[in-house]
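J.: Going down the list, the protein sequences come from chains W and D. First residue of the first sequence? That's 1 in the working numbering, and the numbers climb one at a time after it. First residue of the second sequence? That's 1 in the working numbering, and the numbers climb one at a time after it.
Derived from the structure by calculation, the hints contain no laboratory data. Treat each hint with caution, since some may be false.
[To be verified] Simulated restraints on C-beta separations: (1) W21/D / I135/W: 26 to 34 Å; (2) E10/D / V86/W: 51 to 59 Å; (3) P75/W / F263/D: 50 to 58 Å; (4) R328/D / I135/W: 39 to 47 Å; (5) P133/D / D7/W: 49 to 57 Å; (6) G17/D / F181/W: 25 to 33 Å; (7) W21/D / L187/W: 52 to 60 Å.
[As the list claims (entries may be wrong)] EDC-like cross-link-like pairs, simulated, lysine to aspartate or glutamate; straight-line CA separation at most 20 Å: (8) K76/W / E148/W; (9) K210/W / E198/W; (10) K5/D / E22/D; (11) K287/W / E267/D; (12) K238/W / E22/D; (13) K302/W / E285/W; (14) K238/W / E285/W; (15) K183/W / D207/W; (16) K238/W / D311/D.
The C-beta atom is built at its ideal place from N, Cα and C for all residues, glycine as well.
The chain contents come next:
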Amino acid sequence: MFDTLIDQFWSLTLSGIALGFIYVLVSLGYTMVYGVLRMINFANSEIFMFGTFATIVISRDFLGNVDSPNSLPLPKLILTITLCLVGSMIVSGLVAIFVELVAYRRLRARGTNRLATLISAIGISIVLSEFMRIITHSRPTLNPRVLEKKSLFEIAGANFRIDTVLTIVFAAVLFVVLDRFVKFSRLGRAIRAVSMNEDASKLMGIDLNKVISATFLIGGLMSGAASFFYVLTYENTKFNVGFTLGLAAFTAAVIGGIGNIRGAFFGGLSLGLVEVYASAILGTEWKSVTVFVILVLVLVLKPSGIFGEAVQQTRA
Amino acid sequence: MINLKESFKESNFRDVGAHIWEHASAVERKIMAVSFIGLAALLPFMGFGLLDTPVSDYGAVLVYPVGMFILMALGLNIVVGKSGLLDLGYVAFFAIGAYTMAILGTRTSLNTWEIMPIGIALAMLAGLILGLPALRLRGDYLAIVTLGFGEIVRISALNTREIGGPNGIANIPVPPSIGPLEFSLNDQKGFFWVVLVMILLTIWMIRRLSVRRAGRAWEAIRQDEDVAELMGVNTLRYKLWSFSLGAAVGGAAGVLYGSKTLFIAPEMFTLNVSILILACVVFGGMGNIWGVMVGAAILAYLPERIRFISDARLLVFGLALVITMNFRPDGILPRKKREKVIVKKEKNNG
Numbered sequence: 001m002f003d004t005l006i007d008q009f010w011s012l013t014l015s016g017i018a019l020g021f022i023y024v025l026v027s028l029g030y031t032m033v034y035g036v037l038r039m040i041n042f043a044n045s046e047i048f049m050f051g052t053f054a055t056i057v058i059s060r061d062f063l064g065n066v067d068s069p070n071s072l073p074l075p076k077l078i079l080t081i082t083l084c085l086v087g088s089m090i091v092s093g094l095v096a097i098f099v100e101l102v103a104y105r106r107l108r109a110r111g112t113n114r115l116a117t118l119i120s121a122i123g124i125s126i127v128l129s130e131f132m133r134i135i136t137h138s139r140p141t142l143n144p145r146v147l148e149k150k151s152l153f154e155i156a157g158a159n160f161r162i163d164t165v166l167t168i169v170f171a172a173v174l175f176v177v178l179d180r181f182v183k184f185s186r187l188g189r190a191i192r193a194v195s196m197n198e199d200a201s202k203l204m205g206i207d208l209n210k211v212i213s214a215t216f217l218i219g220g221l222m223s224g225a226a227s228f229f230y231v232l233t234y235e236n237t238k239f240n241v242g243f244t245l246g247l248a249a250f251t252a253a254v255i256g257g258i259g260n261i262r263g264a265f266f267g268g269l270s271l272g273l274v275e276v277y278a279s280a281i282l283g284t285e286w287k288s289v290t291v292f293v294i295l296v297l298v299l300v301l302k303p304s305g306i307f308g309e310a311v312q313q314t315r316a
Numbered sequence: 001m002i003n004l005k006e007s008f009k010e011s012n013f014r015d016v017g018a019h020i021w022e023h024a025s026a027v028e029r030k031i032m033a034v035s036f037i038g039l040a041a042l043l044p045f046m047g048f049g050l051l052d053t054p055v056s057d058y059g060a061v062l063v064y065p066v067g068m069f070i071l072m073a074l075g076l077n078i079v080v081g082k083s084g085l086l087d088l089g090y091v092a093f094f095a096i097g098a099y100t101m102a103i104l105g106t107r108t109s110l111n112t113w114e115i116m117p118i119g120i121a122l123a124m125l126a127g128l129i130l131g132l133p134a135l136r137l138r139g140d141y142l143a144i145v146t147l148g149f150g151e152i153v154r155i156s157a158l159n160t161r162e163i164g165g166p167n168g169i170a171n172i173p174v175p176p177s178i179g180p181l182e183f184s185l186n187d188q189k190g191f192f193w194v195v196l197v198m199i200l201l202t203i204w205m206i207r208r209l210s211v212r213r214a215g216r217a218w219e220a221i222r223q224d225e226d227v228a229e230l231m232g233v234n235t236l237r238y239k240l241w242s243f244s245l246g247a248a249v250g251g252a253a254g255v256l257y258g259s260k261t262l263f264i265a266p267e268m269f270t271l272n273v274s275i276l277i278l279a280c281v282v283f284g285g286m287g288n289i290w291g292v293m294v295g296a297a298i299l300a301y302l303p304e305r306i307r308f309i310s311d312a313r314l315l316v317f318g319l320a321l322v323i324t325m326n327f328r329p330d331g332i333l334p335r336k337k338r339e340k341v342i343v344k345k346e347k348n349n350g
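Taking the hints into account, I'd like the entire structure generated from these sequences.
T.: Written as C-alpha cells, this is what we have:
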C-alpha cells in the first residue's frame with residue numbers, strides 16, 4: 001500500500017508541487033472575492049473552465065497548431081505560450097466580471113439576504129457549465145501538443161519535465177506579482193480597505209462597485225492563468241473540469257484561511273502534496289473524497305485555517 | 001364564511017388562497033381539502049391524450065418526474081425554505097433510499113413497504129452524520145460541505161464493487177400489490193397514488209410542525225440565527241431536526257424511485273439532481289408549500305413536454321435560479337408575509 005509512496009516519493013512530491021501551484025492560482029479567485037464580499041464565488045470553477053477552452057481555441061484554431069510529437073520552433077512556441085496565457089487570463093477575467101454583473105450586483109444593490117445571492121451564484125455557475133456542455137456535446141476537447149515534454153534534469157528520481165518547471169516558475173512569479181500588487185498599488189489598497197470595512201471605505205470615497213468588479217477580474221485573471229497551466233500539463237479539457245478542481249482549490253483557500261492571499265499559497269501547495277500522496281496510497285479514484293474529507297476536517301477543527309479569520313463567525 | 005369578492009382583493013394568489021382558507025368554516029375547509037385530494041387522485045385519468053409528452057405517456061410523467069419532484073422539493077423545502085439552510089447534497093439522501101431498496105430488494109425477501117422504513121431511517125441517519133459537523137457551519141460553507149457530501153456518496157457507490165460499482169444494480173422488484181391495486185410499469189397509476197399519499201403525508205407533517213415549537217424555531221433560525229440562539233433556541237438541535245426530516249423525505253422518495261425504475265446506477269445521482277430540486281423550491285417560492293408544489297410541477301413537466309428544453313434542461317434550471325433570485329426572490333408564489341398579517345390584525349382590532 002505504501003510501496004508506491006516510498007518508491008516514488010520525490011517524483012510524487014514534484015508533481016504535487018506543480019498541482020499545488022495550479023490550486024494556488026485558482027484558490028486566489030475564491031480568496032480575493034471572499035475577502036471583499038464575505039461570500040464564496042461559486043462560479044469560480046466555471047471561470048477556470050472557460051479559461052481552459054480559451055487556451056485550446058487560441059492554440060488550435062487561432063494559431064493553427066496541430067498535434068505533433070515535437071515542440072514547435074522556438075519563436076512560434078514562445079508566441080503560442082504568450083498568447084495562450086494572456087488570452088486565457090483575459091477570457092477568464094471577462095467571465096468573472098460577467099458573473100459579478102449578472103449574479104451579484106443587483107442583489108447586492110437591493111441588500112437581499114445572503115441565501116438569495118448564494119443561489120443566484122450557483123445558478124450562474126450551472127448556466128456557464130451547461131452552456132459549454134451543450135456546445136461541446138459533452139465531449140472532452142483535446143489540446144494539440146505544442147511542447148515536447150522532455151526531461152530537463154533529474155534529482156533523486158524526480159523528473160523535472162519542461163512543463164512542470166514552466167508551471168512552477170510562472171505560477172510563482174504571478175503569485176508574487178499579485179501579492180505585491182495588492183500590497184502596494186492604489187487599487188490593491190482599495191481592495192484591502194473594502195475587505196476590512198466596507199462602510200468605512202465607502203466613506204473614504206472608494207467606489208465599491210468598481211473595487212468589487214476589479215476583485216472579480218483579478219481573481220479571474222489568476223484562475224485563467226491556472227487554466228493555461230492545466231491545459232499545458234493535461235492537454236485536454238471538458239465542460240466539468242472545474243468541478244473537482246474548484247472544490248479542491250476552495251479547500252486550499254480554506255486551509256490557508258480564506259480571505260488571506262498568502263494563506264492561499266500555503267493551502268494550495270499543501271493540498272497539492274497531500275492529494276498526490278493520498279492518491280498514491282488509496283488509489284486515484286478516492287482523490288476527490290480525500291479532498292472533501294480534508295475540507296470537512298479543517299472546517300470543523302480549525303475553521304480559521306492556518307492564517308485566516310474564523311469562518312464560523314461570519315454571517316450566513 | 002367564504003366571501004370570494006373580498007378574497008380576490010388580495011394582491012397575489014398566495015394571499016387570495018390564504019384569505020379564502022382563513023375565512024372558511026370548519027366544514028368548508030374539510031370540503032375543500034377532500035375535493036382537492038380527490039381531484040389530485042383523479043389526475044391520471046385527466047390527460048385525455050393532450051398532456052402526453054413526446055417520450056412517454058402522461059401517466060408515467062405524472063409519477064416521474066412530476067410527482068417525485070414535488071415530493072423531493074417538499075422535503076428540501078423543510079431545509080432550505082423553512083430553516084434557511086442551503087443543502088446542495090440532497091441527492092445523497094435520495095441515493096441512499098434508492099440503494100437501500102436496490103440492495104435489500106434484490107438480496108433479501110423484504111418487499112418495498114418493509115424496506116421503506118429502513119430506507120427512511122438510513123437516510124435520516126446519514127442526515128445526522130452529515131449534519132452534526134456541517135450544521136455548525138453557516139451559509140456558503142454549509143452549501144459547499146453538503147455539495148461535497150453528495151459527491152462522496154456517489155463516488156463511494158461508484159467505487160464499491162459489492163454494490164455493482166459503475167454498473168449499478170438491476171432487477172429491483174416492483175412493490176407487491178395492495179389489495180386490488182397492482183404495480184406495473186405499463187400502468188403507473190398505482191405508483192402515482194403512492195406518491196400522492198407520500199406527498200400528502202409530507203404536507204401534513206410540515207403543516208403540523210410549522211405551527212409548533214419546531215416550526216417557530218426554524219422560522220427564528222431562518223430570520224436571524226444569532227438572535228434565535230440568544231432567545232434560547234437550541235439552534236443546532238432544530239437545524240439537525242430540519243435536516244434529518246428533509247433527509248427522511250428524500251430517502252422515502254429514493255426507495256420508491258428504486259422500485260419504480262427497476263435499475264439504478266451511481267450516474268443517476270449526480271449534483272444535477274440536487275440542483276434541479278433546489279430550482280423547483282426556489283422557483284416556486286421558498287418556504288411556501290403551494291409555491292414549491294406549483295414550481296416543481298412546472299419545472300418537472302415543461303422539459304418533458306418541450307424537447308428543445310429537455311436537452312438544455314439544466315441550463316434552463318440554472319437560468320431559473322438566477323432570474324428568480326434577481327427579479328422575484330420570493331418565487332412565483334411567495335410565502336405569506338408575516339408582517340402583513342400582523343398589520344392587518346392590528347387594523348381590525350383598532
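J.: All hints, please: hold or fail.
T.: Right, here's what the structure says about each hint:
Checked against the hint of 26 to 34 Å, the C-beta distance between W21/D and I135/W comes to roughly 48 Å, which is inconsistent with it. Distance hint for E10/D and V86/W: a CB-CB separation of about 58 Å, consistent with the stated range 51 to 59 Å. The hinted range of 50 to 58 Å is satisfied by P75/W and F263/D, whose Cβ atoms lie roughly 57 Å apart. Here the CB-CB span from R328/D to I135/W is close to 29 Å, at odds with the stated 39 to 47 Å.
At about 35 Å, the beta-carbon gap between P133/D and D7/W misses the expected band of 49 to 57 Å. For the pair G17/D and F181/W, the beta carbons lie near 56 Å from each other, so the given range of 25 to 33 Å is not met. For W21/D and L187/W, the Cβ-Cβ distance of about 56 Å falls inside the hinted range of 52 to 60 Å, so the restraint holds. Taking the CA atoms of K76/W and E148/W, the gap is near 14 Å; set against the 20 Å cutoff, the hint holds.
Our distance criterion of 20 Å between C-alpha atoms is met by K210/W and E198/W, whose separation comes to about 13 Å. Our distance criterion of 20 Å between C-alpha atoms is met by K5/D and E22/D, whose separation comes to about 14 Å. For the hint pairing K287/W with E267/D, the CA-to-CA distance comes to about 18 Å; that is within 20 Å, so the pair holds. Distance check on the hinted pair: K238/W and E22/D sit about 54 Å apart at the alpha-carbon level, beyond 20 Å; violated.
Taken as a hint, the K302/W and E285/W pair is broken in the structure, with Cα atoms around 27 Å apart against an allowance of 20 Å. A C-alpha spacing of about 18 Å is found between K238/W and E285/W, which places the hinted pair at or below 20 Å, so the restraint holds. Distance restraint check for K183/W and D207/W: the Cα-Cα separation of roughly 19 Å lies within the 20 Å cut-off, and the hinted pair is therefore satisfied. The hinted pair formed by K238/W and D311/D meets the criterion: a straight-line CA distance of about 18 Å does not exceed 20 Å.
The structure does not agree with the numbered hints 1, 4, 5, 6, 12 and 13 stated previously, though it agrees with the rest.
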